[in-house]
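**Student:** Below are the chains, spelled out letter by letter.
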Amino acid sequence: KQEVTQIPAALSVPEGENLVLNCSFTDSAIYNLQWFRQDPGKGLTSLLLIQSSQREQTSGRLNASLDKSSGRSTLYIAASQPGDSATYLCAVPSTDSWGKLQFGAGTQVVVTP
Amino acid sequence: EPEVTQTPSHQVTQMGQEVILRCVPISNHLYFYWYRQILGQKVEFLVSFYNNEISEKSEIFDDQFSVERPDGSNFTLKIRSTKLEDSAMYFCASSEQPFVDLRDRGRGETQYFGPGTRLLVL
Numbered sequence: 001k002q003e004v005t006q007i008p009a010a011l012s013v014p015e016g017e018n019l020v021l022n023c024s025f026t027d028s029a030i031y032n033l034q035w036f037r038q039d040p041g042k043g044l045t046s047l048l049l050i051q052s053s054q055r056e057q058t059s060g061r062l063n064a065s066l067d068k069s070s071g072r073s074t075l076y077i078a079a080s081q082p083g084d085s086a087t088y089l090c091a092v093p094s095t096d097s098w099g100k101l102q103f104g105a106g107t108q109v110v111v112t113p
Numbered sequence: 114e115p116e117v118t119q120t121p122s123h124q125v126t127q128m129g130q131e132v133i134l135r136c137v138p139i140s141n142h143l144y145f146y147w148y149r150q151i152l153g154q155k156v157e158f159l160v161s162f163y164n165n166e167i168s169e170k171s172e173i174f175d176d177q178f179s180v181e182r183p184d185g186s187n188f189t190l191k192i193r194s195t196k197l198e199d200s201a202m203y204f205c206a207s208s209e210q211p212f213v214d215l216r217d218r219g220r221g222e223t224q225y226f227g228p229g230t231r232l233l234v235l
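The listed protein sequences derive, respectively, from chains A and B.
1 is the number of the first residue of the first sequence in the working numbering; add one for each residue after it.
114 is the number of the first residue of the second sequence in the working numbering; add one for each residue after it.
Here chain B stands alone, though its shape is the one from the complex (with noise of 0.2 Å):
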């Protein structure tokens, strides 16, 4: 059965370097996301991407993170200078469409989550 892989499954970096963390969504998806948790507390929305382009982001989505899609079937999150709270398992999922018709509110397709990336910050 298909399923998203995400790279590293570890990382551990000192505070205010740069960390890429890599996902592989599931290949007929178009949706992709990006979740984090914090150890303790609940999973957190960070960033859609669609065609291409941010969809929405979260207030924790600030100007020290970006996400790319640099080919066909990589999505990742950078985030360029850590600080100590970014410490979390971050989460990468997608989803094949969000809804067949947006009037239609009766659908929505479901999110498929890697395995996440644990990442600590020193």
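Just chain A, same shape as in the assembly (with noise of 0.2 Å):
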């Protein structure tokens, strides 16, 4: 059974700093990989999708890299911001369901001025 873990569980950075965030994975046959973040109260909005053939994606100050062999993915914020503060979750779909998404229980970042 898939299991996914993100240590550590919370992050505290001071503004202008590099973070970077981890997330295991127990089964290596995913599809892809996907990071939210999530603000307090709030949903899910959708940051990257790095597939299983791709070891690396990057969208503005995000980049996630992705090495299945050994069941890792990192996501890296450059120069972070205040409001970067948020909790930072990574999730795969299920090997035996397309759909159906496992999360980890994320990180909670806070970026300080």
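Take every hint as true, because none was put in to throw you off.
Label pairs and their computed distance ranges (CB to CB): (1) A/Ser-65 x B/Lys-196: 38 to 46 Å; (2) A/Ser-28 x B/Asp-176: 31 to 39 Å; (3) B/Glu-198 x A/Lys-42: 18 to 26 Å; (4) A/Thr-112 x B/Val-125: 31 to 39 Å; (5) A/Ser-70 x B/Asp-184: 40 to 48 Å; (6) B/Glu-198 x A/Glu-3: 20 to 28 Å.
Hints are computed from structural coordinates only; laboratory data are not their basis.
Predicted, not measured: the structure shown is a model, and the values here were computed from it.
Backbone N, C-alpha and C fix where the C-beta goes; we use that ideal spot for every residue, glycine too.
The task is to assemble the complex, starting from two chains supplied on their own in separate frames and drawing on the hints.
**Tutor:** See the structure below:
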């Protein structure tokens, strides 16, 4: 059974520092991996989807890497800003079901001015 | 930019009452999903829906739950007799398609989530 883990659970950095968020999964036979942002009490905003055939995906200050063999993905946010404060979730489709996303518990990020 | 919308944003109900949560997926999307997040816990899959029928459902999605696409735009989740443990944030999501070709496991499609409905069962 696929397990998705995000460590650390919380992270605080000063503005301008780069953020490194980790996601690990136990079954490497994934179709893709999606990163989301969740603001308190709000919905999920899709940030990036990285497909199993890709090693990296970039969008603005965000860069996601994927290493299927080691069961890891990393989300890098360059030059963090206070507006980046949120919880970041990663999710992978279940290996036996295309549409069923399995989520990590998230990393809560605080960027201090 | 197109987005998934959900109504209501908050719903308070008494235990045993029926609730209907509504969603309008992105218009050209074909696949629809419901997830929920109990406070402090992970987001959990409930059900996926395609071509007017359930594609998959989780163990959580028991006989108290049902989904429907009553018209060309709305997608609803009904809980027939709410329990205290149904209190959660419920998210609707949609995607254009899961894969172009199910044999090609290198591709997938982004699921876009709505803002959620916070359900409180008293």
